[in-house]
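Student: From the two separate chains plus the hints, produce the assembled complex.
Residue numbers (the working numbering), protein chains in the order written: chain A, 7 to 1053; chain W, 42 to 518.
Calculated directly from the structure, the hints in this document are not laboratory data.
Since no wrong hints were added, every one of them can be taken at face value.
Output of the computed footprint for chain W on chain A, the stretches with three or more beta carbons under 8 Å from beta carbons of chain W:
no., stretch
1, 929-941
2, 983-994
3, 1032-1044
All C-beta atoms, glycine included, are put in the ideal place defined by N, C-alpha and C.
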Amino acid sequence: MACLLAWIYALAGCLLGTLATAAPPAGVGDSKTIDFNRDIRPVLSDHCFACHGPDEKKRFAGVRLDTKEGALKVVTPGDAAKSRLFARITHADPARRMPPPAAGKALSQEQIERIKRWIDAGAEYKGHWAYEPPQRPPLPPVQNKRWPRNPIDYFVLARLEREGLSPSPEADRITLLRRLSLDLTGLPPTPAEIDAFLRDKSPDAYEKQVDRLLASPHYGERMAMQWLDLARYADTHGFHIDSHRDMWVWRDWVIRAFNQNMPFDRFTIEQLAGDLLPNASLEQRIASGFNRNHMINYEGGAIPEEYHVEYVADRVETTSTVWMAATMGCARCHDHKYDPFHQAEYYKLFAFFNNVPEKGLDGRDGNAEPFLRLPDEGQKQRLEQLTARLAALEATLAANVVEPEFQKWEKERLKTIDFGGAPQLRQGLVAHFELDGGFTDSSGRYVHGVVLRGEPALVQTPIGRAMEFPTQSHVRLGDMGLRLEEGFTVAAWLMQGHHEPQTVLRQGGVFELWYDASEPLPHLRRGAHLHMETPGRHWRTRERLVQRDHYHIALQVQGGSVLLRVNGEPVPLVELAPEMKTGVRGPLEIGQAEHATPRHGFRGRLADLRIYARALSEGEVRILAFHHRIAHLLAIPTEKRTKEQRETLRDYFLSHEAPEPLRAAYLERKQLQKAKAALEDEIPTTMVMAELEKPRDTHILGRGDYRNKGEKVTPDVPAVLPPLPPGEPRNRLTLARWLVSGQHPLTARVTVNRYWQNYFGLGLVKSSENFGSQGDPPTHPELLDWLATEFVASGWDVKAMQRLIVTSATYRQSSKARPELLERDPENRLLARMSRFRLPAEMVRDQALAVSGLLNRQIGGRSVFPYQPAGIWEEIARGEIFSAQVYKQSSGRDLYRRSMYWFWKRTAPPPSLVTFDAPDREKCVARRSVTNTPLQALVLMNDPTFVEAARVLAERVLDEAGSDPRLRVRHAFRLVTGRNPQPRELRLLETLASKQQAYYASDSEAAAGLLQVGESRPSSRYKPEELAAWTNVASVILNLDEAVSKE
Amino acid sequence: MVHLNEQQLRITRRHFFGRGAQGIGLAALASLFEAHGASPGSGPPHHAASAKRVIFLHQSGGPSQLDLFDYKPVLKKYQGTELPASVRMGQRITGMTSGQSSLPVAASIFRFERRGQSGLWMSELLPYTAKIADDICVIKTVHTEAINHDPAITFIQSGSQQPGRPSMGAWVSYGLGSENQDLPAFVVLISQQNSLNADQPLFSRLWGSGFLPSQYQGVRLRSGKDPVLYLENPPGISKKVRREMLDTLSALNQIHAESFQDPEIETRIAQYEMAYRMQTSVPELTDLSKEPESTFQLYGEDARKPGTYAANCLLARRLVERGVRFVQLYHKGWDQHNDLPRDLALQCKGTDQATAALVLDLKQRGLLKDTLVIWGGEFGRTVYCQGKLTETNYGRDHHPRNFVMWLAGGGVKPGTTIGETDDYSYNIVSDPVHVHDIQATVLHCLGIDHTKLTYKFQGRWFRLTDVEGQVVTKALL
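Here chain W stands alone, though its shape is the one from the complex (with noise of 0.2 Å):
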């Protein structure tokens, strides 16, 4: 267990020490940017891990199931007609379409397709994610209890609906540590250039540490000249002038450390070094100069522009290359209330092809087979029309009890489908899966049981998973 205890700390510590060859600069480490497994306690790994590392494209608002990959030809047949009590079945709605008279069905307009060897239905809406059909687990019946942005956004990142609880990459980072000494363990990306309705908000207690120490926390990798924030060095400070300022600072605080024998300012010394080479490993991280012309043809050309989500899904790849542990990235615009048939085709538009050439990139690379990349929002969308429903046009509502997301790589079993919903795909019919039992496998294929990667607080033990969570064994290998 990951039960801390100083006795047990005392032991992993000087083990590790016992290895380390940089002694104190290493002890550095510790504080924010783990080092090769040496993590608080003698925890994880649990078991052997088939990932070593995490991509999560969480795509924000709730990227409509009906209308991507939960094929439902039957709809046509009750195209307009009132969703039936005995599916609702009770299941409250948002004050959006509570205060509608009527909850007409409305089938999708897309053309769908079967895809690859694997014959999985895609919608037309993805043509290049239909070219890693075979590559990917979609799982059709996913289910959260939150039927709001914040609630159902907070749930899926920390495990609670409510505010407080760490994140999922702090959980990780907390239990791993990061596998590069000049990167962060936990790594925070969020697309800037949205063509669409860029209203829904996003919080920084999604990627916070809660009650976990702050160093725990995502750090944002934003586009501009500072991606880590404060990186570049005021003007008039070339790197020159910075090293003799350091030099001069580090002697001063060794003759401290000296007379206080307060090994914080050893460790302070350290981190002064360690932002220093930041200065010098995050730029080249995002320096995107030195990609070859085939990259770009791979991601589309809005890779280029920094902040897109493609230029992101490039700079995840990136990361992990570099061994960064667990690379969060956000999309917005999914909330398709209204106008579904245009802004979601937009939204496809402006990320399918990278997401596709993610994984196949991965792939080429032979980082897909220990990288575990997600793909899904915080819910799923509503089979009944939200507003006017027309021929051409209907929107949607948020809609918890089935939604879709799907794993890739790091261990999960390719090619195939998880879990059947009913005629409206409003109901799960075999298979589900909860956001605590999707957050369990994602520790599971990192060799982390996540009943055991706990963490006490006020008293308690928390864990991502709560008291729930069952590992999604179909999903895996």
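One chain only, chain A, in its complex shape (with noise of 0.2 Å):
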């Protein structure tokens, strides 16, 4: 029997929570008396109401169920055998028995049997309980008056005793901090503060632990981490491109939020209209962003309207899931089948967000429209420094001073600007390509270069004529006679066209000019390093060269060390190991040949290309780097010129020919215009709601569909619910306010409930997400209610709420599961026990590193990389120039930062997280499942994290417990799960690492390659191979279903 009983464990364990329970579970249904919400409301919901309930567009035979007015007209109370409805449940012939055989929903001999008890028993039709303001009852009577600790061991004890069982006994200290930490902060009591509770004989030894946790600043975190799937927070964009976003800010708010212990109707009103607050306060305005973490897209081609309707289509689900539990997406494309919501008012809630000044296409490069600005004080006082500065910078350069002289300029300069360049730069010109249109060398030589492979083309650019190499090209322009002992220079003008690597140019056996991979750059740009080789010495810049800019670059070689100058200016370089070959002599080539390297072809533009059998000094290679384009521009008629040729002409004018101070302002000014750009790079931003000072229009949408107008609605609610205050503003923030007015049957309710579900596993209603018609009646409705309205009585009060339920008998009571129990009750929906279930995720990893003192405490700030195995992102990511497509792992200490730091990317979620039921946040998620898989083994047992974190909390164990094995196997035991081992487990895990030790003993290899697995290097203090040991012996600790489980 246990083994079956196993069996419906493990699987109702599996299914948590996502069982159908139209009726109530068996052996845990009060069934002497019939209850029309409880046992008959759920029956006619899911056999009837789809044909007879609220959607009038679908309602046949003009019969409806989901009233009492409809009900009654094929009901007749007191006597089934003369209802209608009865007669047509049970009528003889199948064709005409509802429901319909093609409905698929047969009712079973004990639903009929049940609605005939309830017909004869008077048919007492109800409305849903859950749209019925709460009320709050009277503590129920129970007889065993010692047990309860505060009222709702009343409501959990009179239900037990009714059933005849009895609650489960305490729970022992040790179980109890260690339920209690993880319930409060998501980390696990460490020893000390296990032995300071046992030590405490005081009569609120327990109630003065719920205190100390309630008060840590981790409360906080773990108090958001629930609400981080309610408000499907991630780090992305979600849609196809899926690139980043920054609300982190957003998430720092919550976290404080918890943390000040903000009542929760506050913590609603600020999030949902924050904005729209009288004299709304930065950090108010912030909170707002809770209805922008939906996900954003900007696939190319898609079209804006329809995915600005799907924005505001999750806006309202997602409000309506986690204030309501109200499946208000059913009424998107019809009127709900089970739910009194007509499609016209799922629409006059969406009107309440269609108002925000936002793009149906956005997040190209982070947030997207709106969002705010952050900089801390520093970063602010910078900003207006450089403001003030600027604007002073722009009265000297006023266009009135500047546009007469620079109309000037251009004319005189024309005139004596020499169009093949300075004289002395045809001093030691060996080879001049100007690149206008061919390949012919001008210096004198008339070499012709030869096209080998690609189809180069003259191509206008900013920099005048250039060639353009559209694909892999292969020029070869012949010998140039260049030495490297006797140096030379090789200058051009250069635009990337490619982000594979490319040679540029090469000599064999002389030199080679090529750039590397490119990489994104911030501002979806792209660049790639430029190298340089000779025989036996490689450099590359340290910067990188942005892609499809033109950039000017001299490359001067002499014997064995080089010099560039790009745009004029000497730059920076690495040297690197080399690899070119000091191969055979051969001619100067752009490009090279195929398959001669993996780089081996051009791609991208040339102009302008001078080989010098010299050294050129600074002044040259500038005039070089300007002259080639000025002479190209001024040569254009004025009025012929483009904008962007202006620009180029007045740019060159301010920065080098201008008269002072005019030079020297535009200089400075261009320097801080770079200051202030980076600065701004700094500043985080975080989305927010605004709202359009003129309301878009919103139209019921036939079958939700941005194309199919209907009729025009206004912002109201639906007509179930209490009414809005008349006379207030039909807008997010009237909503928000009628949502916590305390009138409102299920805000309270709602939230309790789910803050129920964080400690018991599942919540009083076990379908958190629902609380309509489909979804399952409480076990405990007065339990409910009350909770309900002290919530409410309290002024929402947050941390108080917890401390209820925490301090309650019901809650500490062992998790040990009697036999009887588990037979009647295997969900443990009436607590005769605490319920003992698998830590959530995060929970799982963040214990391992706080066990072994690897966790990163810091709170809040930008998310972080922890590893990940390779090629998760880049796998499928979208790649190229956006952000969010290549997984950089962090380092050092933000490896170690809890999980909910971890980068969510929303189509690659954090795998390890993943495995154990974290969902993709793609969506507002109210209730995680709970497997239990051979997968979470692999995580447990050849995860980085965990390996590292076992080894970390062996050598802490080594450094802590010296060096009599028990002592070691205890203090691991007791780190871990926070109790002592037995003897029987003390001896197993002694074996283990004496067997061990002396395995790692015999092969030092395999003790090594263990030990450096993770970043943070291992401790020298002890042997290898007994670090190796114990490692394992931590390992295998930390694997426990005991470690992993919340009892």
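Tutor: Here you go:
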């Protein structure tokens, strides 16, 4: 029998919260009397409402069973035999029997019997419980007066006594403190905390622990964990490109709000409508980002309106789930099939959220509009200084000063400019390929280049005419007689045209100039390093050159060394290991022969290529870097210059030839603008709600499709719920206040039910996301209502509610399951014991980090990148220029932050957390599944996070417990589980330690291999075989079912 | 129906337990690896199944039906002329071509030929698929509603354009479980070495479990040393050391189970044993070294390179051989907005041989008769040119109104063509097949009535085909 029960329970465990429970679970129901809402409504809802319910368009035969009036038309109270309803569900002709066979919803004999009893007993019809305001019930009488510690216990005990059950004894103190610490902070207690609790003999020792933990800053983190699932928090946009966004400032707000014990009504109002509060503070506006956490699209070619509708729909559905556990989404396309929500009412709610000044397609580079910039004090000051100084420079550079000077210069300069370049630049000129139409050397030798591959073409560019190489190209220019020992200079304009490595120029056996694979840079740009090689030497630029920008480069080679000037300025180089073979001497080439190297061709642009058999002076290079382009531009008649060309000329004039103080002011402005842009990049932003001045029109959308606009609607709430206060503006603020007015039947119930779920695994209403007709009825309706009214009466005091629950005798019970309870109540709905279940994903990892001492307890801030198997993002990401496509693992202390700070990429969420049932955060989730799978075993055994944590835990144990293996086992066991091992457990682990140590002593390589896992370095205080053996002991302890469970 | 309630569950479990030999060890399987038809509920099969397994070769990006299967010689006549409004009929078009001043018709540059006994039209780009012309059923009239990748691929994989629903593989794994106790029921393969514009992302939701319990999500089988995430022991932990650790762990968990009576502990013990077995069974599965030379002649040399489309096709065969229920393969790079003649040719060159090889291989091994193979993308491509139309070059935008998918094996009528499109391959003339119809048909072949495989979430009984879907009986034997 135990095995059979094991079966049921195992399955119940893996399907936790997802089984259909139209009827109360067998053995749990209080079956003496028929209760309409508990026993009858779920049957009618599931089997009848789809055709005889709220949806007017699909209502058959005019019969509706979802209202009392409707039901009484087909039911004769007190007499089932006379009731049309009963006649039809028991009709002899299967074709006429309801529900019709085609619906596939046949009633069971038991259900029919139940309906008969209900009618015979008078057919009492009640409105759906969740839409009736909660009434504060009196405490029920109980026989065992000593057990209850607070009102919760009266409700639980009364039910148990009715069922003939007794509660379980209180758990031992160690179990209690571990349970409490995990529940209130998400972290296990330390041995010192346990010892302090064990020593404390005062009658309120437990309550003191509760208060200590509620005051911990980690309490806010723990409470935020659940809120992030509800708020569908993530660090990327989710659709298609799935690039990054920044909402961690909002996440910090949530943690802070919990830690400050912000009352739930304020918590609600600020998140739904903080922006609309009178004189909204910055914090309140940040809070309003709650409803910007939905997915946002930037797929090329998508239709903005289609996605705008999705964003608003997501807000409606998330807000309805979080505050009302209402499945409003069902009414998007048609009237709700089960709950009294009309399609028009869906769009009336929609209208509240439809006025955000946002774009349908956005989020190309970080946050989507609207968002706030949030400089800190230092940044604010620097920004102000920069802005002030820039304004002053602006005045100096006023157009009425600059323009006349510029026009004068344009005219005069045209007369004096030398189109051939300065005369000294002809000295030592070996070859000059202007690349403005062909490959002819115009230096006087008239060498002709030969195109071996590719289709180069002449193009107009901001730097004048240039040669474009659109595909892999290879051009042989001929031997220039360049020699390393004599030195030479190669100068040209260059634009990188591709993200793969490309050879630019080379001469076999002499030098090669190439760029490497480009990497994403800020602002959706890419860039690559430029490399220079000579036989035996190899350098690259320290910084990347931006792809598709034009640079003037001048490479000077003298003996073994090189000097590179970019746009006239020398740039820092990094020397690398040489790659170039002292190859055969060859001709000068653009690109190189196919298959010669992986970077075989050239793609991009080149212009004004000059080869000198000498070094050039700084001044000479500057002339080249500017002259070519400026001469070209000046030659274009003024009226024919493009705006960009005029800008280039003006820039040149102001940077180089303008009279002082114009030139100095201009250069300073340029530098400060750059500094300001860099500063603005550093300043965090966060998405917020805002309201259009003129609201958008909202229409009912046929089948929910953005193209099918129907009747226009204005903001309002569903009629089944209390009305909005008259006279208040119909906006989000009024809606938010309505939710927390204290009169709303759902908000408080839904919220306390989710708190309950945190502690007991299941809510009093199991379907915590659905309080509607198809949801599960509450197991303890009076308790739910008592808690809801208490919550409101306390002024929505969140901490007080947690305190109330965890100080109850119900919570303090042992989770050891008595055999009769396992059979009678496998899911623990009756609460004759405490529930025992696996920790949420985040806690599994956080605990391992905490007990080893690796955990970085920093609260809040930007998301981090812990260990993750290579390629998880890259293999499915869009790649190219967008952000959040390549996983760059953190290093140092960021590797050990709590899991809630793990960068959450929606299309590829953190794999080890997902294995432990973390959702992908695409949609609002009120309840996670709790599975038990082999993949979880693989994570705990092999994920470097857990292997490293085991080693560091072993080091800690060896450091703290001395050399006696028994003391070591005891300490390790205690650090993880809180308790001392039993003798049998101790023996098993001790044996493992000695066997493994013998093994690793014989295989030092294996020991060294194990110890090097993770970024932290292993301690050298212990012999490798000893540390390796204890690492495995620690790993076994971290893998215990007890370690990953809350007992 | 697969409506679960605890009562049914008990009966099913008891029934199964009566047959089970391993007791709690099998209970563990229920979590990830449903064993031998012990699916949740007493649901499927609803009728005799013609297929036991599915391989879905998803060609991500939208392969051009006009250049592969939907032969329209008359378009040569219309080359360069404007797509008539009478043909377009107000179809919305993507932001990529809605700004074009003209929508000129681009005929396919490729030669078409009749192939096989069935005389199926196919372009010269598919010389190997030509050899299986008599094994496949080509549906020329599949249609969808989405016009962009994200919603379209989400639609074909989950029956809904918006995220949140379980993927097809998750539904099948939920409904049928696996035939193999050492491997997951639902495995995902993604080709990695792709010569072309691989700038179409995939999303883990495509093989996610949506609102189904997370054990039904697809398990990715990756190339490299950890084919399943975290499979390999860390350095320094040999198989023997791991065994020793597991024996200790199991004994400790057993002690705890005695005092807590929590069946979840027994389950966890079993899951560790399963993980240990996977450490052997998965590398054995992915090790292609024992495949004979003839295999690589069939699939092509690429099949030796882990992560290629060819290697993944070969792995797909090895997976179904071992009883894996649903193999979902993804191959990116079919999004030819420009340079179609060059890029589509390359794309076909990289996939055609292995695709055909898989079908032939399954056939030779007698597996094709109960393995359903599906080939296709998320939408088709427009007859009008995106970008500049020249004699030798064109591009095509996304087209939702008709596209080609083919099915083979598993009860599908071989050598058939279903549906006709108009002269422009722009509208369906006969036999429309909606994405939900394809999904209904796949489930049908597996013995599942698509209207009966349901799961209650947020109060509603959801199914893969939402409220639509008709089995494409013309495609079936």
